[in-house]
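First to last, the sequence lines map onto chains C and G. full-length UniProt numbering numbers the first residue of the first sequence as 1 and each following residue consecutively. full-length UniProt numbering numbers the first residue of the second sequence as 1 and each following residue consecutively.
Misleading hints may appear alongside valid ones.
Under the rule of at most 35 Å between Cα atoms (straight-line distance), these lysine-lysine pairs were calculated in the DSBU-like manner [stated by the list, open to error]:
no.	chain 1	residue 1	chain 2	residue 2
1	C	LYS15	G	LYS56
2	G	LYS89	G	LYS401
3	C	LYS15	G	LYS95
4	C	LYS9	G	LYS31
5	C	LYS11	G	LYS365
6	G	LYS42	G	LYS31
7	C	LYS11	G	LYS401
8	G	LYS316	G	LYS365
Every beta carbon over 12 Å from chain G, so not counted as near; a handful from chain C, in silico [unchecked claim]:
no.	residue
9	ASN3
10	LYS15
11	MET64
Worth flagging that the hints you see were computed from the coordinates, not collected in a lab. Each residue gets a CB set at the ideal place from its N, CA and C atoms; glycine is no exception.
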Amino acid sequence: MLNEEKYQKLKEIIKIYLPEDVAVTDIDQDSHFMNNLNINSANLVDIVLDVEDAFDIRLENDDMDQMQTVNDAMAIIDAKLAEK
Amino acid sequence: MNRRVVITGLGVCAPNGVGLTDFTSALLEGKSGLRHQPNLEKLGFGCQVAGEPLVKDNLIDNYFTPLERRGLNATGIVYGVIAGVDAWKDAGLEKNTTDEPSWDRGIIFGTGILGVDKFREAIHLIDEGNVRRLGSTSVIQTMASGISAYLGGLLGCGNQVTTNSAACTTGTEGIIMAYERIRQGKAEIMLTGSCSDSGPYVWGGFDAMRILPRAYNDNPTKASRPMSATAAGFIPGSGAGALVLESLGSAQKRGAHIYAEVLGGEINSGGQIGEGSMTAPNSIAVQRCIRNAMTNAGVEASDIDVINGHLTATTKDGLEIENWSMALGRKYDNFPYINSFKGSVGHCLAAAGSIESVATVLQFKEQVVFKNMNCDDIHPEISKLISDSCIPRETTNHAPKVIAKASFGFGDVNACVIFKAISKE
């Protein structure tokens with residue numbers, strides 16, 4: 001899977017969790033889920049589940065703790081896909 | 001502090017109509033919301049008839065964001081939010097868009113059990129060893145106070161936000177609790193109501209108790225027969241009703257439309273003593289509840305011209321009429337008009353008291369007494385106590401002055417509230 005394709009897929013997932021005052025165009029690779037995109041911690045749990053479904057992978061507790069930014073998420077997805 | 005309390009907003013999501021317009025015309029015409037339920041047939045239920053609000057998907061979009069809709073599997077929350085938000089708008093109130101909670105506005109919105117389908121989802125995942133897959137909304141959709149929490153967030157209320165639960169008295173109890181809070185000066189505006197989930201997991205227990213009629217699966221609109229000689233048990237239902245209660249001062253200041261005044265009420269229990277039990281009412285307590293409600297409201301028995309009963313269409317309907325008759329000291333032709341909406345709505349359990357109170361209050365606006373369904377054959381026990389003319393079988397033109405509404409529930413609990421027409425002084 002191309003990086004760009006992965007990124008778009010991830011953006012699609014994140015989109016629905018954005019609060020009203022944050023636009024899709026505000027998402028970039030360095031965005032911090034909670035600090036920049038104002039996504040609440042409860043919804044971060046749901047993003048993890050959506051990522052698992054979309055990429056057919058399983059994230060462990062440590063992965064979830066490390067997933068702070070969009071880049072972190074991309075790296076974790078890459079690592080999990082490589083393990084497959 | 002003894003302030004007057006009025007009703008300024010109504011909202012409803014009922015088996016026979018979603019929204020005030022549809023609900024009102026259904027009540028005027030006696031349109032039934034009771035239908036044969038294929039899923040209950042598939043599951044081998046004895047009673048396969050139930051009342052469930054028909055909520056269209058695009059209607060839900062008006063109340064929930066796409067994010068809120070994801071994984072939303074609690075029908076009670078859907079019904080409660082529709083009714084609650086509608087009542088708020090009907091009262092001419094806006095959602096709070098400021099940075100400060102509305103300190104003088106609160107919510108008492110009851111339920112019996114919430115998010116049953118969501119809970120089932122969670123149970124399956126947990127039993128599969130997959131607790132990590134529950135997602136973030138499992139708790140908020142299944143906690144009893146989920147409904148008041150959802151509404152509290154939507155409306156930005158800063159006063160008491162809570163959920164009451166007292167079986168089938170829940171909705172009526174909530175009105176009295178909200179009334180007392182405003183009367184005591186602790187709040188200016190309270191949204192009160194109740195909701196009940198749909199589905200086999202809510203209704204199954206009643207089917208197992210063999211208290212639901214089994215002979216009407218092919219004839220669903222005839223199945224619920226309050227006060228009828230052929231009453232064979234209640235038809236379960238679901239939905240939500242909501243009322244905005246407000247201090248008279250606040251309502252006048254806003255120039256709000258006033259439906260009626262809440263004069264007062266009473267909540268009590270029969271202690272499951274004497275003839276009272278977990279499932280049967282103690283008549284002494286029922287009569288006392290009605291009498292105390294009148295005292296608290298400052299009305300005489302002779303002031304009441306309309307009653308909306310609990311009247312579920314079981315063998316206990318006759319006993320309920322006897323209790324009303326004893327409490328009021330009125331019988332035969334001297335008895336007020338009495339109706340039950342369960343003939344067309346079913347028994348919406350925790351939502352019953354609020355859906356029926358919305359209907360009760362609409363009678364002031366429409367200046368009618370809504371008809372009773374399926375009781376052309378009035379039970380002889382009831383005919384011995386009150387005149388048949390007290391039980392309108394057609395919607396009757398009559399501008400109600402004082403209406404008593406009661407609900408009774410499992411656990412031998414009772415609630416009675418007194419509404420009064422607003423005088424045009």
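Against the structure, the hints:
no. : hint                : verdict
1   : C:LYS15 / G:LYS56   : 25 Å, holds
2   : G:LYS89 / G:LYS401  : 26 Å, holds
3   : C:LYS15 / G:LYS95   : 25 Å, holds
4   : C:LYS9 / G:LYS31    : 49 Å, violated
5   : C:LYS11 / G:LYS365  : 52 Å, violated
6   : G:LYS42 / G:LYS31   : 26 Å, holds
7   : C:LYS11 / G:LYS401  : 60 Å, violated
8   : G:LYS316 / G:LYS365 : 31 Å, holds
9   : ASN3                : 27 Å, holds
10  : LYS15               : 9 Å, violated
11  : MET64               : 9 Å, violated
Of the hints listed earlier, those the structure fails to meet are numbers 4, 5, 7, 10, 11, in rising order.
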